[in-house]
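Let chain L serve as the given structure and place chains D and P on it in line with the hints.
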Amino acid sequence: MKLAHRHTLQAWLFLAPALLLLAAFSFWPVGYGSVLAFTDYSLIRETRFVGLDNFRYIFNNEMFVSGLKNSLMFLLMVPFVQVGAITLAVLVNNRLPGIRLFRAAFYVPVVTTVSVVGIMWGFMFHEQGALNYVMMTLKLVNAPVGWLTNDSLALFAVMFVTLWRGLGWYMVMYLAALQSIPSDMQEAAMLDGANRWQRFWKITVPMLRPTIMLCSILSVLAALKAYQEVDVLTQGGPMNSTFTALYYAYDQGLKHLKLPRALAASFVVSLFCIAIALLCLRYLKPKHR
Amino acid sequence: MQKRSRPLKTRLQLIGHYAVLCAIAVVCVFPFWWTLVTAISTEGNIFAFPPTFWPKAPSFENFIEVFNAIPIWSFFKNSVLIAVFTVFWKLLLCSLAAYPLARLKFRGRKLVFGLILATLVLPSEVNFLVNFITITQMSLVDTYTGVILPNVVTAVAILLLKQAFEEVPQDLIDAARVDGASEWVIFSRIMLPLITPWLATVGILTAVESWNEYIWPSIVMSKPDEFPLSVGVLYLRGTFGSSTRVIAAGTLITIVPTLLAFLFTQRFFMRGMDGAVK
Amino acid sequence: MIKRLLAVFACAGLLAPQAWAAEKIEFWTFSMKPKFTPYFNAVVARYEAQNPGVRIEWIDFPWDVIQTKLVTRIVAGTPPALVSLNVPWADEFARDGLLTQVDGLIAPARASYIPSALDDLRFKGRTYGFPMYSNVAVIAFNTAIFKQAGLTRGPASLDEQLAFARQIAQRTGKAGIAPALSKIDGLFMQQGLAVITDNRAVFNSPQHVALVQKLADTYKVGGLLKESLFAEDNFPAVIDAYKGGRLGMLLAPPTAMQRIRGDAKDIYAITDVAPAPLGPTGIADGGWLVHFAIPKGVPARQLPSVGKFARFLTNDENQLAFARQASVFPTTVKAAADPFFLATPKNAGAAEKAVAAGALSMGHSRTLYVAGIDDYDELRRSLVKAVEAGVTGKQDVKQALDQAVAIWNRKLATLPRH
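Protein chains in written order, with the working numbering: chain L, 1 to 289; chain D, 1001 to 1278; chain P, 2001 to 2418.
There may be inaccurate statements among the hints.
As the list claims (entries may be wrong) - Pairs of lysine-lysine residues, derived as BS3-like cross-links and limited to a Cα-Cα distance of at most 25 Å, are as follows:
#1 P/K2398 <-> P/K2226
#2 P/K2024 <-> P/K2411
#3 P/K2296 <-> D/K1223
#4 P/K2183 <-> P/K2214
#5 P/K2398 <-> P/K2220
#6 P/K2024 <-> D/K1223
#7 P/K2214 <-> P/K2147
#8 P/K2226 <-> P/K2214
#9 L/K69 <-> P/K2411
#10 P/K2035 <-> D/K1223
#11 P/K2220 <-> P/K2394
#12 P/K2220 <-> P/K2243
#13 P/K2226 <-> P/K2183
#14 L/K139 <-> P/K2226
#15 P/K2226 <-> P/K2243
#16 P/K2385 <-> P/K2226
#17 L/K69 <-> P/K2385
#18 P/K2174 <-> P/K2226
Don't read these hints as lab results, they were simulated from the structure.
In isolation and in its complexed conformation, chain L is listed as follows:
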């Protein structure tokens, strides 16, 4: 007993600063934010407890409800992102000349700050921008398309940019996983006469399963929490069609100072995220502890 715990004091001293900060900025917001979501917190009045009023308001509010729907729409992207990332990882998992350049090219969108991404894709999506030019030259459309100004298209444009940004990140995860697959299994299978396709599905994919699960969870959580791309590309427009649940929280809280509603909205998003994370943890036993 004593031997096992003789370092206790020192260990806690080491841990103290980090834990304090985590407590202040990771745990406290969850707790306090959840409580505030049930009040009418405001700068000029005494805060009163108002029960479910804020939630009633936001669920009656078209901007939040369509924002929630849009956030769920973002989930549609997850399979595309994962399949795309796996494909990319497979394509670059070799020693072909120049392959490092390709890996870098695919990862560059990830290391670019989101504000710059917004500006660049703003250029691309402009009515007289590059994308319309290419599409018109290829005779895919007859007139310039308002990617960011047409309320039926804008959300998809924003989703595409989110996909563009995320693909490289997941690719690197899958690449690392692919590279840790022992080569003997592949060689044995080749000796047995399995072709590439069979090897991929029978060996590679099963060995990737943990990574696929991890990446899928992360991707789903990221989709539910998407809002930065909205802020730099469309700011919720046109006609509020690109609101997401968390963007609603950001907009209401920091532009209109309606903090209780913003907190209620972020509470809802948190619930979704925690629910999904818990569900996944139940079905995925963590390998290391």
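Below, chains D and P without anything else, positioned relative to chain L:
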């Protein structure tokens, strides 16, 4: 781990492989190219049909205009300061936290570890509202401290560094303990130097992340002179809405440091991912 | 060493708000840089020279960012002394208790402001801002298209606008006019048709239906420009159409004339200008007042000097100088009556005529918007969609408006009363 190159791999397959890679690479890289062309050209309507894919009348005058128009040196300096302080404190605090988790036995170890893992599950993006209230109550609005503090300790960094510490052979530590060294000495004199590659990895990842951070600094800082580059570039777009070329030039100035850093330190990113996957 | 630096930073952050050396007044504008940097710098220099011991700090933000920054600083308890706002923003902030009322501070200069501008800034009987500049629309029309359509003068009412538009479409095949139907609520109000009465939506009355029906009829014969008719901001498409000679009439502020002059000289040469028709309410179209407000949280002891600076910022001389440079209209009586605005020089092109035409309407300019409702955009969107269905013929006008009224009333019933 190398996929053995099949001796019978046909030329066609190889060309096909490269073709697909190139196509995707174009989609990834084209916006950057476009921005570069726009920033360097000085003639022609940027939104003319057909747009130019190659610079017309190249010159640096747009870049000079950016320097005149906005306090871009300030933005740059702010980004650098924030990044430097973030990296320093993050490495220090997270390695301090990772060491006991990796190498010490103490009461409550499981609990602490669980708490740290829990923050991975918590949706941290939604915390910006309350963190904003907290920062204002601490009077840290419009300060770099306010920008740095919430992000300086992350579970990912702690976990990566914990792994790094676990790779150090136990005998070194035991020998030092037998010699009567205190934990602090073991930590600072032995462990830290031994995990330098990992520190570098986490440091670089943190630096890039901090440089690219946009939402939180834009919430905390309200004076344009104090914006970091990621926020300042949007200020540029807002102020110069109609001078697309100037905006393009400013954008390039923002991303060039990150791109350069990334190109030279690619392996750190890949390695960081390795660690995360494990 | 670094730790010490960090500590210094932290302390600096803590102490800064209290460290007023001289008296410091911080004022914010939006979208003024870079064009008006010299103007504001000059104003600041003049005031500081006349008032030693006062330091003025000017910060300008892009307009899509200024709200967030203002909110941040109000929450932090360190708001700027003055901030430039438009009327809908001011309405919302005032309702939430985030602005300081300025009746006392504006009193010495109250008489110098145009009454309609002050009316814009009165919420619940109190004044919340110092008017700075406003705008008003004029009608520019393509004389060649008019001649071809057999028209000789500008329209004098909305009905005439639509009638002319139909005539233009029938005789020339071109579109006549492109109203901003995403702002149909403002149009209703200008024509004297209330959108909300007693917290209930009333825009499905026979008069409202008739107005939308007229728009639908004009649309059917091609009188309304189809591009971006219901878009959030149809102005870029509309001005492009006019510059390209595809549109007969353009309702726009006088600044637009300068753009036409720069981008399409041939069209500019055949453009004539008339004052925008006043609706039955006597309100001119296109009013948009920008003013300076005092956020909540500015220390009370500072208010007198802030008020003095605000009056200086918005006095006759400065407003005149700004309005001339920016092609907008000042909001003080004396400045608005300046010959620059009223007299049309010889050989006046459309731009100068527009300024004169607008000046005539300035006294009738009000910012039209629906006040007092949170998340108003959501409601407006359902109204615009209903009008779109009715005007394009997809749905019967009365039916569409009825549905929208139902949506509005459901929402209005749940809103807290202010």
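For this session: Please work out if P/K2296 and D/K1223 have their alpha carbons no farther apart than 25 Å.
Result: The hint holds at about 19 Å.
Exercise. Under the criterion that the straight-line Cα-Cα distance not exceed 25 Å, is the pair L/K69, P/K2385 satisfied?
Worked result: Holds, because 20 Å separates the two Cα atoms, which is no more than 25 Å.
Problem set entry | Agreement of L/K69 and P/K2411 with the hint, judged by alpha carbon distance not exceeding 25 Å | 20 Å, holds
Exercise. Is the hinted pair P/K2183 and P/K2214 satisfied, with a Cα-Cα distance of at most 25 Å?
Worked result: Distance of about 16 Å is within 25 Å: holds.
Exercise. Is the straight-line distance between the alpha-carbon of P/K2024 and that of D/K1223 25 Å or less?
Worked result: 15 Å, holds
For this session: Could you grab the alpha-carbon distance between L/K139 and P/K2226 and see if it respects the 25 Å cut-off?
Result: 23 Å, holds
Exercise. Regarding the pair P/K2398 and P/K2220, is the alpha-carbon distance no greater than 25 Å?
Worked result: It holds: about 17 Å lies between the C-alpha atoms, which stays within 25 Å.
Exercise. Are P/K2024 and P/K2411 close enough, with their CA atoms no more than 25 Å apart?
Worked result: This hinted pair is violated, its Cα atoms lying about 45 Å apart.
Exercise. Holds or violated: are the alpha carbons of P/K2385 and P/K2226 at most 25 Å from each other?
Worked result: Given that 25 Å is the threshold and the Cα spacing comes to 15 Å, the pair holds.
Exercise. Quick one, are P/K2226 and P/K2214 close enough, alpha carbons at most 25 Å?
Worked result: OK: P/K2226 and P/K2214 at ~16 Å, within 25 Å.
For this session: Below or equal to 25 Å on CA atoms is what counts here, so check P/K2174 against P/K2226.
Result: 11 Å, holds
Exercise. Are P/K2220 and P/K2243 close enough, with their CA atoms no more than 25 Å apart?
Worked result: Roughly 24 Å between the alpha carbons, so the hint for P/K2220 and P/K2243 holds.
Hint compliance for this structure: hint 2 alone is broken.
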